[in-house]
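Visitor: Chain by chain, the residues:
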Amino acid sequence: APTPALPIQIEADNADGVGQRNANASGNVVVTQGNQRLQADWMQLFADTDEIQAGDKTILDSGPDHLEGGKLKLHQADRTGELEQPVYTTRTRRGRGDALKLLFDGPDRYKLMQARYTTCGPGNDDWFLKAGQLDLDYTRNIGTARDGQIEFKGVPILYAPWLDFSLDGSRKSGLLTPELKVGGSNGIQLTVPYYWNIAPNRDATFSPRLITNRGIMLSNEFRYLEPTFAGTIEGDYINNDRRYGDKRWAFNLQHKQALAPGLTGLLNLQSASDDRYFADFGDRIAVASKTYLPREAVLSYNQPWWNLSGRVVKFQTLQQDAKNPVDTPYAQLPNISLNASPALPAPFRANISGELVAFRHPTKQNGDRMIFNPSLSMPLATSYGFITPKLGLHSTSYRLDASQGASSGHQSRTLPIFSVDGGLFFDRELNWFDTDLIQSLEPRLYYVRVPYRDQSKLPNFDAGEADFNFAQMFSENRFTGNDRINDANQLTVALTSRLFETYTGAERLRLAIGQRFYFQKQQVTLSSPARKENENSSDIIASIGGQPLPNWWVDSSWQYNQRDHRTQKTGLNLRYQPEPGHLLNVRYRYDRAPTPEVKQIDISGQWPIAKGWYGMARQNYSLEDRKALESLLGLEYNAGCWAFRMVGQRFVTSAQDAPTTLFFQLELNDVGRLGSNPLETLRQSIPGYSKLN
Amino acid sequence: RAELADRDQPIHVEAETTSTDTRNSRNVLQGNVTVVQGSLQMKADKATIWEDKTGNQYLEAEGKPVQFKQKLEGGGMLEARSDRAEYDGAKGDLRLIGHAYLKRINDEATGERIFYNAQTEEYRVEGGKDASGKPGRVKMTIIPKKNNPTTPGAKP
Amino acid sequence: CGFHLRGLNASQPLAFSTLYLNPANPALSDILRQSLMLQPNLKLAPAAQGADAELRIESESIEEQVLTVNRSGRVAEYQLTYRTSFSLRSGERSLIAPSSLIVRRDLSFDETKVLSKEAEKAVLIRDMRNDAAQQILRRLAAVRP
Numbered sequence: 001a002p003t004p005a006l007p008i009q010i011e012a013d014n015a016d017g018v019g020q021r022n023a024n025a026s027g028n029v030v031v032t033q034g035n036q037r038l039q040a041d042w043m044q045l046f047a048d049t050d051e052i053q054a055g056d057k058t059i060l061d062s063g064p065d066h067l068e069g070g071k072l073k074l075h076q077a078d079r080t081g082e083l084e085q086p087v088y089t090t091r092t093r094r095g096r097g098d099a100l101k102l103l104f105d106g107p108d109r110y111k112l113m114q115a116r117y118t119t120c121g122p123g124n125d126d127w128f129l130k131a132g133q134l135d136l137d138y139t140r141n142i143g144t145a146r147d148g149q150i151e152f153k154g155v156p157i158l159y160a161p162w163l164d165f166s167l168d169g170s171r172k173s174g175l176l177t178p179e180l181k182v183g184g185s186n187g188i189q190l191t192v193p194y195y196w197n198i199a200p201n202r203d204a205t206f207s208p209r210l211i212t213n214r215g216i217m218l219s220n221e222f223r224y225l226e227p228t229f230a231g232t233i234e235g236d237y238i239n240n241d242r243r244y245g246d247k248r249w250a251f252n253l254q255h256k257q258a259l260a261p262g263l264t265g266l267l268n269l270q271s272a273s274d275d276r277y278f279a280d281f282g283d284r285i286a287v288a289s290k291t292y293l294p295r296e297a298v299l300s301y302n303q304p305w306w307n308l309s310g311r312v313v314k315f316q317t318l319q320q321d322a323k324n325p326v327d328t329p330y331a332q333l334p335n336i337s338l339n340a341s342p343a344l345p346a347p348f349r350a351n352i353s354g355e356l357v358a359f360r361h362p363t364k365q366n367g368d369r370m371i372f373n374p375s376l377s378m379p380l381a382t383s384y385g386f387i388t389p390k391l392g393l394h395s396t397s398y399r400l401d402a403s404q405g406a407s408s409g410h411q412s413r414t415l416p417i418f419s420v421d422g423g424l425f426f427d428r429e430l431n432w433f434d435t436d437l438i439q440s441l442e443p444r445l446y447y448v449r450v451p452y453r454d455q456s457k458l459p460n461f462d463a464g465e466a467d468f469n470f471a472q473m474f475s476e477n478r479f480t481g482n483d484r485i486n487d488a489n490q491l492t493v494a495l496t497s498r499l500f501e502t503y504t505g506a507e508r509l510r511l512a513i514g515q516r517f518y519f520q521k522q523q524v525t526l527s528s529p530a531r532k533e534n535e536n537s538s539d540i541i542a543s544i545g546g547q548p549l550p551n552w553w554v555d556s557s558w559q560y561n562q563r564d565h566r567t568q569k570t571g572l573n574l575r576y577q578p579e580p581g582h583l584l585n586v587r588y589r590y591d592r593a594p595t596p597e598v599k600q601i602d603i604s605g606q607w608p609i610a611k612g613w614y615g616m617a618r619q620n621y622s623l624e625d626r627k628a629l630e631s632l633l634g635l636e637y638n639a640g641c642w643a644f645r646m647v648g649q650r651f652v653t654s655a656q657d658a659p660t661t662l663f664f665q666l667e668l669n670d671v672g673r674l675g676s677n678p679l680e681t682l683r684q685s686i687p688g689y690s691k692l693n
Numbered sequence: 001r002a003e004l005a006d007r008d009q010p011i012h013v014e015a016e017t018t019s020t021d022t023r024n025s026r027n028v029l030q031g032n033v034t035v036v037q038g039s040l041q042m043k044a045d046k047a048t049i050w051e052d053k054t055g056n057q058y059l060e061a062e063g064k065p066v067q068f069k070q071k072l073e074g075g076g077m078l079e080a081r082s083d084r085a086e087y088d089g090a091k092g093d094l095r096l097i098g099h100a101y102l103k104r105i106n107d108e109a110t111g112e113r114i115f116y117n118a119q120t121e122e123y124r125v126e127g128g129k130d131a132s133g134k135p136g137r138v139k140m141t142i143i144p145k146k147n148n149p150t151t152p153g154a155k156p
Numbered sequence: 001c002g003f004h005l006r007g008l009n010a011s012q013p014l015a016f017s018t019l020y021l022n023p024a025n026p027a028l029s030d031i032l033r034q035s036l037m038l039q040p041n042l043k044l045a046p047a048a049q050g051a052d053a054e055l056r057i058e059s060e061s062i063e064e065q066v067l068t069v070n071r072s073g074r075v076a077e078y079q080l081t082y083r084t085s086f087s088l089r090s091g092e093r094s095l096i097a098p099s100s101l102i103v104r105r106d107l108s109f110d111e112t113k114v115l116s117k118e119a120e121k122a123v124l125i126r127d128m129r130n131d132a133a134q135q136i137l138r139r140l141a142a143v144r145p
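Chains as they are written, first to last, in my numbering: chain A, 1 to 693; chain B, 1 to 156; chain C, 1 to 145.
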């Protein structure tokens with residue numbers, strides 16, 4: 001809608017006009033209306049056509065934009081008009097430049113002819129985006145350059161017939177910057193992304209990728225965000241991979257939808273054409289993590305005190321390493337679960353959970369499992385303590401199909417689970433580095449009693465042994481999943497001490513130590529053997545975590561085996577980050593459980609080494625194998641409105657293969673990035689890495 | 001547009017002393033002079049009024065300041081103030097000289113000198129020179145009509 | 001050594017007697033609701049109007065990052081990072097400015113037990129939410145009227 005008619009204040013040496021129709025002023029004229037201010041040598045206001053003309057030199061400040069130029073014509077109501085030889089800076093919006101002519105194209109939208117644009121401050125002309133026509137649309141914060149060219153320190157480095165970029169640095173930049181990756185089995189990879197901004201809530205990215213050793217791959221991503229549903233679709237396709245000798249593809253659909261009040265649906269469909277797909281085309285993290293590709297559909301209905309969800313999930317298994325093949329997980333066709341906590345008169349609290357799952361597997365025994373698990377608890381709490389007795393009944397029944405070595409039939413298991421959780425809170429005030437703190441002392445006891453039931457004949461669809469940590473110490477079952485429930489007559493004892501800031505309650509440091517005591521021998525086992533007869537206590541676990549000093553973070557845990565007087569597992573994580581760009585991480589991990597043992601030290605950091613220059617490095621060294629699992633060295637120059645990064649990374653992808661990848665990147669703030677993008681790699685490898693430009 | 005009817009209205013004049021310069025038939029009024037003609041009202045310290053042969057009326061006035069008020073034909077008021085004022089009935093010209101202020105409906109203007117013609121609604125505001133010779137400044141406030149780009153019925 | 005049972009001596013009451021819990025993030029709000037219901041001198045208000053204060057859970061996110069890789073490049077451990085940001089307002093007055101809270105847990109990864117690791121991950125996420133809820137309650141108790 002045209003802007004409401006705000007009063008126009010005119011100040012000049014002389015003025016004249018005719019009634020309400022038009023007014024002229026001359027002699028360093030200043031015209032202000034609302035948040036706009038115009039300075040000019042002369043000015044004409046045509047009330048009937050609502051047009052203002054000014055010359056010979058004009059300065060227009062409207063909102064955050066500052067425009068200087070020659071002759072100006074402006075229709076105030078619909079913000080259309082033109083300005084000759086504009087020089088523009090947008091104060092809050094980090095962009096400036098000049099042009100032959102500027103067209104006002106509606107509120108907050110400008111079209112510039114023969115324009116230059118940069119996000120460098122005045123006086124710093126390191127780089128310019130030149131364009132035959134440059135549209136700056138601050139309503140959607142998108143700049144679009146046609147017949148564009150990037151000049152870096154006077155040297156044209158990229159020609160782009162069409163490109164759009166973000167004006168406030170937030171949106172995904174659509175610049176056609178080619179991405180270059182060197183190294184690995186693919187030889188040189190050149191990707192030329194093309195970003196299509198279909199609508200504010202829909203966009204697509206097409207990235208044809210030339211891979212010298214393999215051929216041309218098309219990878220595409222489509223994102224959509226509607227009021228009731230949103231999602232992304234990713235698809236990659238290579239018609240003939242020369243090294244592989246066939247076409248290859250990968251697909252990934254993520255979709256979430258609110259179908260009705262309380263009813264939501266979710267789709268998570270991933271698949272790949274062959275087992276080695278991600279090893280050949282994925283980046284380092286993908287290689288390490290993509291072994292199972294889920295195909296999952298979930299429908300869940302949520303109400304205030306109960307929810308019901310139905311889920312269908314199947315996995316595509318990628319055999320990365322032929323020597324030790326990996327087992328395909330059971331498919332759940334379907335998995336229906338109900339969870340309800342009906343209201344009971346205080347202090348009682350009830351919870352009923354039920355689950356019906358049909359487990360299907362190509363080779364292993366198929367079966368259906370039904371679980372019914374009601375429980376009643378009585379949480380009592382005061383300011384200084386709490387106690388929560390809880391009694392539950394866990395009943396499971398199986399219907400099993402025949403498979404090699406196992407006959408079909410029914411199995412069932414029903415057992416009560418009793419637990420009592422209680423603790424006290426003690427506080428004291430203290431002052432540490434002249435900040436007022438409260439230190440708490442929180443003893444806690446957790447007793448669990450579960451009778452023994454023979455479960456040797458029960459199948460194992462989804463059971464596993466949980467890591468031994470504080471979360472596991474305070475749960476009823478040491479096995480995850482539902483196929484194994486441990487027999488228990490055990491007491492967990494723990495002591496936690498926290499340091500709070502007195503006035504905000506924010507936790508600064510937490511120390512904790514705990515151990516579990518067993519009053520009967522262990523009978524239900526899964527993969528690892530039962531505790532020995534005389535073993536009536538668990539390892540001791542201790543941890544320290546938090547921010548003891550302003551720029552120091554610590555996060556360490558320690559698991560000590562009392563009988564063998566040996567450390568079973570330990571992790572130390574120390575970070576010193578006085579300010580962004582100044583960072584040092586030291587991490588040590590030791591774990592006796594896996595064979596061979598894990599014994600690693602991981603040092604990473606980012607530190608200024610000269611004015612504007614920063615060094616980044618990481619060395620993740622396995623002391624056990626006396627070899628570096630990942631080493632990274634990077635150099636970055638930050639000039640405020642642009643940055644140059646060089647990163648070399650060498651990481652282990654299999655027992656004998658450790659490729660090196662090189663990244664070279666020139667980033668022009670907000671406008672785009674040229675070369676291969678190391679930012680995601682830097683964030684993964686150097687926790688706390690900050691992008692400074 | 002000034003109330004056209006005012007021009008034919010009789011003029012009522014009040015002043016502490018009045019005298020007539022018979023040689024060129026001018027009335028000279030002094031001492032909180034008020035002149036009323038139809039909806040036009042003027043207050044001044046000294047005023048001289050005369051007529052030409054065809055009956056057009058002329059006026060010169062001085063005051064601290066001279067004040068004018070007049071109802072406009074299309075509604076709204078015309079107000080003016082200045083150290084000295086001259087009115088030429090034949091051309092419909094009003095000349096305000098010295099710390100001049102003119103308000104027409106909602107639009108206002110201030111300057112060293114303001115010339116306004118009631119029939120054509122043309123106006124000119126001059127900054128002039130202040131005591132130290134620096135150019136004086138003109139200030140104007142215009143309230144644009146509510147979003148209708150063309151003002152109906154504005155006849156020159 | 002100076003320790004005393006919490007809340008007995010300086011019995012500072014909460015700075016508000018009725019609290020509205022904005023149900024933006026049901027998972028975390030449910031845990032907070034169960035603990036808040038146990039508070040003796042606090043009533044949960046059904047709506048923001050009329051409540052002395054409104055606790056709003058602005059955002060909640062769970063991220064998974066590779067923590068440790070074994071010598072053949074396979075993932076040995078993931079780190080789960082739970083981030084939430086919350087604020088406490090009383091009408092226009094901000095009692096606790098929007099502030100964020102981070103809780104981390106490590107989860108060993110075993111390729112052969114995908115389903116059980118999924119279940120363990122859910123246990124850890126619930127544990128992180130409880131941890132965050134306790135820290136938020138601690139922040140509420142520290143607000144002075």
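Calculated directly from the structure, the hints in this document are not laboratory data.
As the structure is a prediction and not an experimental result, all values here were calculated from the model.
Even for Gly, the Cβ is constructed at its ideal location relative to N, Cα and C.
There may be inaccurate statements among the hints.
If you anchor each label on the Cβ, the simulated ranges turn out as follows [stated by the list, open to error]:
{"no.": "1", "chain 1": "C", "residue 1": "97", "chain 2": "A", "residue 2": "434", "range": "21 to 29 Å"}
{"no.": "2", "chain 1": "A", "residue 1": "306", "chain 2": "C", "residue 2": "41", "range": "44 to 52 Å"}
{"no.": "3", "chain 1": "C", "residue 1": "91", "chain 2": "A", "residue 2": "153", "range": "33 to 41 Å"}
{"no.": "4", "chain 1": "A", "residue 1": "537", "chain 2": "C", "residue 2": "64", "range": "26 to 34 Å"}
{"no.": "5", "chain 1": "C", "residue 1": "97", "chain 2": "A", "residue 2": "63", "range": "37 to 45 Å"}
{"no.": "6", "chain 1": "C", "residue 1": "44", "chain 2": "A", "residue 2": "220", "range": "42 to 50 Å"}
{"no.": "7", "chain 1": "A", "residue 1": "401", "chain 2": "C", "residue 2": "41", "range": "57 to 65 Å"}
{"no.": "8", "chain 1": "C", "residue 1": "41", "chain 2": "A", "residue 2": "63", "range": "47 to 55 Å"}
{"no.": "9", "chain 1": "A", "residue 1": "251", "chain 2": "C", "residue 2": "17", "range": "49 to 57 Å"}
{"no.": "10", "chain 1": "A", "residue 1": "532", "chain 2": "C", "residue 2": "97", "range": "48 to 56 Å"}
Visitor: Give a verdict on every hint.
Guide: Consistency of the hints with the structure:
1. For residue 97 (chain C) and residue 434 (chain A), the Cβ-Cβ distance of about 23 Å falls inside the hinted range of 21 to 29 Å, so the restraint holds.
2. Here the CB-CB span from residue 306 (chain A) to residue 41 (chain C) is close to 30 Å, at odds with the stated 44 to 52 Å.
3. Judged by the Cβ atoms, the range 33 to 41 Å given for residue 91 (chain C) and residue 153 (chain A) is violated: they are separated by roughly 55 Å.
4. In this structure the supplied range 26 to 34 Å holds for residue 537 (chain A) paired with residue 64 (chain C), their Cβ-Cβ distance being about 33 Å.
5. Between residue 97 (chain C) and residue 63 (chain A), the C-beta spacing of about 28 Å breaks the proposed range 37 to 45 Å.
6. Distance hint check for residue 44 (chain C) and residue 220 (chain A): the Cβ-Cβ separation is about 48 Å, which falls inside the suggested range of 42 to 50 Å.
7. Here the CB-CB span from residue 401 (chain A) to residue 41 (chain C) is close to 58 Å, well matched to the stated 57 to 65 Å.
8. For the hinted restraint 47 to 55 Å between residue 41 (chain C) and residue 63 (chain A), the CB-CB distance of approximately 50 Å keeps it satisfied.
9. The beta-carbon spacing between residue 251 (chain A) and residue 17 (chain C), approximately 55 Å, falls within the hinted interval of 49 to 57 Å.
10. At about 55 Å, the CB distance of residue 532 (chain A) to residue 97 (chain C) agrees with the hint of 48 to 56 Å.
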